[in-house]
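Student: Residue numbers (the numbering used here), protein chains in the order written: chain A, 19 to 128; chain B, 6 to 122.
Hints listed in this document are in silico derivations from the structure and should not be mistaken for laboratory results.
Since the structure is predicted, the reported quantities are computational estimates derived from the model, not experimental observations.
Accuracy of the hints is not assured; some may be wrong.
Said to hold, decoys possible - If you want the ones that stay clear, here's a sample from chain B, every Cβ over 12 Å from chain A, calculated:
(1) Ala14
(2) Thr15
(3) Pro19
(4) Ser22
(5) Ser34
(6) Arg47
(7) Gly48
(8) Leu49
(9) Gln50
(10) Ser72
(11) Asp90
(12) Ser99
(13) Ala107
As the list claims (entries may be wrong) - Example chain A residues on the side facing chain B (calculated, C-beta under 8 Å, incomplete):
(14) Pro61
(15) Thr69
(16) Gly119
Said to hold, decoys possible - Label pairs and their computed distance ranges (CB to CB):
(17) B/Thr120 to A/Thr69: 35 to 45 Å
(18) B/Ser25 to A/Thr69: 36 to 46 Å
(19) A/Val62 to B/Gln67: 39 to 49 Å
Note that beta-carbon positions come from the ideal geometry of N, C-alpha and C, so glycine has one too.
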Amino acid sequence: TQLLEQSPQFLSIQEGENLTVYCNSSSVFSSLQWYRQEPGEGPVLLVTVVTGGEVKKLKRLTFQFGDARKDSSLHITAAQPGDTGLYLCAGVNYGQNFVFGPGTRLSVLP
Amino acid sequence: SQTIHQWPATLVQPVGSPLSLECTVEGTSNPNLYWYRQAAGRGLQLLFYSVGIGQISSEVPQNLSASRPQDRQFILSSKKLLLSDSGFYLCAWSVSGDFTLAYYGYTFGSGTRLTVV
């Protein structure tokens, strides 16, 4: 069974700070996706990374896929209250099966 | 553009009562459809998925069932709810075809918060 771990589980920071959250597994994935979920809403896809070592930027968010395709990180620069939410990573294996991590709950205080 | 509608947003039901949650997708044809349940701190658990009308695959044994009576309609049901059925239920769709989910991911509905009392 493939498992994804996310750390930290909870993170509370002040507006303007930088942060990094992590998504780790012992399994290799063909791709990895990051979603953001706001309270009472469904997750929204932020990015898909496919190539080992790939880096993608989405405004103040930087996503990196590990060289071995087993892990990923999400870095947010100058966090804003609008970044508050649950960040979920999801790994896709070569059999097209999805596995979601438990998420990192981020709170950005004004 | 494609949209996904899920209702109701919240539901409080007594133990032993039936359940019917509905999900519809607009703006696309022949989507893959999914029901997920989200428990706090445990991520999303896939309950059912469907690649076409009348085609339902179940991922976990449970007190729930799913049906797809029309191409863009997906229904989650139960004959008798249990306390353990409480949770946040999410419907989602993806583009059909090989490897599309891996690249384009899911589009989720806004969810139904079910509380069984």
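Student: Of all the hints given earlier, name the ones this structure violates by number, lowest first.
Tutor: Violated hints: 1, 2, 6, 7, 8, 9, 12, 13, 15 and 19; rest satisfied.
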